[in-house]
Structures are given as C-alpha cells and as structure tokens.
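Participant: Produce the entire structure from the sequences given, and follow the hints as far as they go.
So the protein sequences, as listed, match chains A and B.
Our numbering applies: residue 3 is where the first sequence begins, and numbers increase by one.
Our numbering applies: residue 227 is where the second sequence begins, and numbers increase by one.
Since the hints were derived computationally from the structure, they do not count as laboratory data.
Be careful, since some hints might not be right.
[To be verified] One-sided excerpt, in silico: chain A residues whose CB lies under 7 Å from chain B:
id: 1; residue: E136
id: 2; residue: S208
id: 3; residue: R216
id: 4; residue: I219
[Stated by the list, open to error] PhoX-like cross-link-like pairs, simulated, lysine-lysine; straight-line CA separation at most 25 Å:
id: 5; chain 1: A; residue 1: K240; chain 2: A; residue 2: K137
id: 6; chain 1: A; residue 1: K137; chain 2: B; residue 2: K283
id: 7; chain 1: B; residue 1: K317; chain 2: A; residue 2: K137
id: 8; chain 1: B; residue 1: K248; chain 2: A; residue 2: K81
id: 9; chain 1: B; residue 1: K282; chain 2: A; residue 2: K137
id: 10; chain 1: B; residue 1: K317; chain 2: B; residue 2: K297
id: 11; chain 1: B; residue 1: K297; chain 2: A; residue 2: K137
id: 12; chain 1: A; residue 1: K71; chain 2: A; residue 2: K81
id: 13; chain 1: A; residue 1: K137; chain 2: B; residue 2: K264
id: 14; chain 1: A; residue 1: K166; chain 2: A; residue 2: K137
id: 15; chain 1: A; residue 1: K81; chain 2: B; residue 2: K283
[Stated by the list, open to error] Covered stretches of chain A, going by a simulated chain B footprint (3 or more residues, C-beta under 8 Å):
id: 16; region: 121–134
id: 17; region: 165–171
Ideal placement from N, C-alpha and C gives every residue a C-beta, glycine not left out.
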Amino acid sequence: MITAGIDMGSRSVKVVLLEELKVDGAPALKYGVKKVHIMMPGDLDQDVAADKAYDDALTAAGLKRGDIKAVFATGAGRKQVGFATEGITEMTAGAKGAVFMYPQARTVVDVGAEEGRGMKTDAEGRAIDFAGNEKCAAGAGSFAEAMSRALQMTLKEFGDASLKSDKTIPMNAQCTVFAESEVVSLIHASTPKNDIAKAVLDAVASRVCAMVRRVGIEGEVVLIGGMVHNAGFVQSLKASMGVDTISLPDMPEYISALGCALIAAERQH
Amino acid sequence: MIANYGYKDGSGEYYISIDTDKCIGCLAERACLAACPKQMFEIITDDYDDEVAWIKKPNCRTLAYDCSECKPAGGYSSLPCITACTPGAIKHSW
Chain A
3 MITAGIDMGS
13 RSVKVVLLEE
23 LKVDGAPALK
33 YGVKKVHIMM
43 PGDLDQDVAA
53 DKAYDDALTA
63 AGLKRGDIKA
73 VFATGAGRKQ
83 VGFATEGITE
93 MTAGAKGAVF
103 MYPQARTVVD
113 VGAEEGRGMK
123 TDAEGRAIDF
133 AGNEKCAAGA
143 GSFAEAMSRA
153 LQMTLKEFGD
163 ASLKSDKTIP
173 MNAQCTVFAE
183 SEVVSLIHAS
193 TPKNDIAKAV
203 LDAVASRVCA
213 MVRRVGIEGE
223 VVLIGGMVHN
233 AGFVQSLKAS
243 MGVDTISLPD
253 MPEYISALGC
263 ALIAAERQH
Chain B
227 MIANYGYKDG
237 SGEYYISIDT
247 DKCIGCLAER
257 ACLAACPKQM
267 FEIITDDYDD
277 EVAWIKKPNC
287 RTLAYDCSEC
297 KPAGGYSSLP
307 CITACTPGAI
317 KHSW
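Facilitator: Following this line, the structure appears as structure tokens:
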C-alpha cells in the first residue's frame, strides 16, 4: 500500500510517497519512503502548485494517482489541496514524522518559512502539547532570509557568518519590521556582518525558544523544517534552549509531509 | 493535549490554553461558546477525530485586545470563559 503526504507550506510544496512494507517476523509494520519531491510554486496558485507537485512526484516514482491509497495534506495551505482525502494540522503531522525518525524524541521544534512552533509528543508521535505564534514572523525563516538579503549574503553564507561571531548583540524589537530597522542601524554603525548575522539568528532562536518553553523541554529535542539547514540558527537555538544536542534530520523539510503520509497509512487499517 | 492559541509580542505573552482531554465530552454543554462576548470559541473536529473547542484563527492574533473587556479593568472579577468552563479546560496566560 502506498500513501501520500503533502505539506503545502507558505514557500514550497513537499510531497512524500510512503510504502508499507511487509517484513516477515517484524513485530510492527514497516514503512519505506518511496519518493520525496519539493517544488517552489513561484507564481502558481496554491491549488495548481499542489496538483503539479503531486503529479511530478508520482511521475518520478513511476506511479499513477490510482496507485495511491490515501492522500493527506498538512501545512498552511492544506485546504487548497483539493484532491487530499483529509487535512491534518502541522502540529500533528510534525510530531508524527519526528517521532518516526527519532523514536526517543519528545520535544519537536518546527521552524519553517512563515511560522515556528513547539510540540511535546508521546511515544506514538501524538502531539500532547503545542504552542505556536499566530501573529509574528520574527520567529521564522523568512525573517532570517530577509535579513540575509539586507546583508547581501546568501542564506548559507548568513548562517556560516553567524558561527564566526562570539558577540551577543541584543535585538530588542519583537516585530520583523522594527527588527529590520535595527539591522539597518547596525549596518550604519559599521557592525561586522558576522555579528549582525548572529544577532538576527539569536533573536529568531529566542522567539522560537519562548514558544517551546511554553510546552516544556523534555527528552530528545528534534528540530524540523527548513531552518535546520541554517547552522548558525541551530547553534543559537541550542544556546537559547540550554541543551547540548538537537537532533537534525537529513531532510528536515519533508518531516511534516512524512508524518502526514504515516497517519494516512495508519488510518487505512 | 494542551493546545496553546495565541502569540508573544513586545508587550507580553497572550495565550489561551485549552486542555482537550477535559474538553472532549464537555460536561458544561459547551458553555464557553455563549460565555465569550467576542464569540471567539468554536467547536472543531481535531486530527484525532475528537470534538473540541478552539480559538477562531483571526482572534489568535488579537487576543490581548479581544479579551481586554473581560479582564479586571473591564469590570469582571472572573473571566466569563473560565467561569463557564466548569471542567476547567480553559486557562489564560496573562
């Protein structure tokens, strides 16, 4: 049986095709990821982008729509995935995917383009406590991206630059718009780019950390979402949360789509 | 599950927490729906197929303002939503 999970994020569409594997003698069902696919919608409408991303993933896997038993969608734009059998919140999908990858995970931090959130989960990957920030983008990836543009750096350079700084420059503004003006002031004050990069990522990390602290930090901490690729942010988050280790999946942007596909598979039994 | 709806900004942390374990099979006959003067509560079916209350999306971004008339300055000694929710599922962070 093959199921699909689609994470319709604000910047990209992620598709995971999951196959249930029959393993003789195994105590529980096994799953294997058959194909993953990511697409930037660009100017496409969300519903068209979802269709295209799904069809591209199926083509790459050599499958047809009829081969898929169930399609579950998550993410900010999940309601635009018209062909989805069911919609799942980002919290439920993220927790499920993270615990599948890291069975000991009990705290899941999800930082994507537009929103960050913290979840506490049980051993089955069921979200038992969650907090997000419905209002502000200063605790998310698009803020870091905008600031990297202001410093004329790529996101990768931005993250790496932050690692070269050991200065702590507090950014007091809680709002992206005001924080940007603080960055402009730092540039005018000839503050080294490395220090500004660290100040920005420290600020994002502290906002994310405030949400995670609402649900409490316990057990293994897993970070999912696109911001995992930013090494500077990971470092800042570790310092902010006061933990030595944060588990980082290899393909962090697909974890919510994976969770979605897993829930779809479980509900077919 | 404890579901926290709201946000943190420069002026403080504004979250309404709903303990869904207490909310499922409500013993107060969903009194929160009528108690809130802003009608912020809504009953939804969550990801685990349970009927629970949540805060309507637009209100999640404006809780500090939406709830202000029920806070002590508005003349209330206790919050209508918390008083109405006899199972004790609703909490305010501020």
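Participant: Hint by hint, say whether it matches the structure.
Facilitator: Hints, verified against the model:
1. Annotation: E136 of chain A was flagged as interfacial toward chain B, and the flag holds, the nearest CB pair being 4 Å apart, inside 7 Å.
2. For S208 of chain A, the interface hint is violated, since its Cβ never comes within 7 Å of a Cβ in chain B; the closest pair sits about 10 Å apart.
3. Checking R216 of chain A against chain B: minimum C-beta separation of about 6 Å stays under 7 Å; hint holds.
4. A least Cβ separation of about 15 Å between I219 of chain A and chain B goes past the 7 Å threshold, and the interface hint is therefore violated.
5. Distance check on the hinted pair: K240 of chain A and K137 of chain A sit about 24 Å apart at the alpha-carbon level, within 25 Å; holds.
6. The hinted pair formed by K137 of chain A and K283 of chain B meets the criterion: a straight-line CA distance of about 10 Å does not exceed 25 Å.
7. Note on K317 of chain B and K137 of chain A: the hinted pairing holds, with a Cα-Cα distance of about 19 Å set against a maximum of 25 Å.
8. For a cut-off of 25 Å, the pair hint linking K248 of chain B to K81 of chain A is broken: about 28 Å separates their Cα positions.
9. The straight-line distance between the Cα atoms of K282 of chain B and K137 of chain A is roughly 13 Å, inside the 25 Å bound, and the hint therefore holds.
10. Between K317 of chain B and K297 of chain B the CA atoms are separated by roughly 13 Å; this keeps the pair inside 25 Å, and the hint holds.
11. As the CA atoms of K297 of chain B and K137 of chain A are separated by approximately 21 Å, the hinted pair is consistent with the 25 Å bound.
12. For the proposed pair K71 of chain A and K81 of chain A, the alpha carbon gap of about 19 Å is at most 25 Å, so the pair holds.
13. A hinted pair counts as satisfied when its Cα atoms are at most 25 Å apart, and K137 of chain A with K264 of chain B qualifies at roughly 19 Å.
14. Using a Cα cut-off of 25 Å, the hinted pair K166 of chain A and K137 of chain A is violated, with the two alpha carbons roughly 31 Å apart.
15. Restraint check: the Cα-Cα separation between K81 of chain A and K283 of chain B comes to about 14 Å, which is no more than 25 Å; the hinted pair holds.
16. Only residues whose C-beta sits within less than 8 Å of a C-beta in chain B count toward coverage, and the region 121–134 of chain A has 7 of them, enough to reach three; the restraint holds.
17. Only residues whose C-beta sits within less than 8 Å of a C-beta in chain B count toward coverage, and the region 165–171 of chain A has 0 of them, not enough to reach three; the restraint is violated.
Of the numbered hints given earlier, the model fails hints 2, 4, 8, 14 and 17; all others are met.
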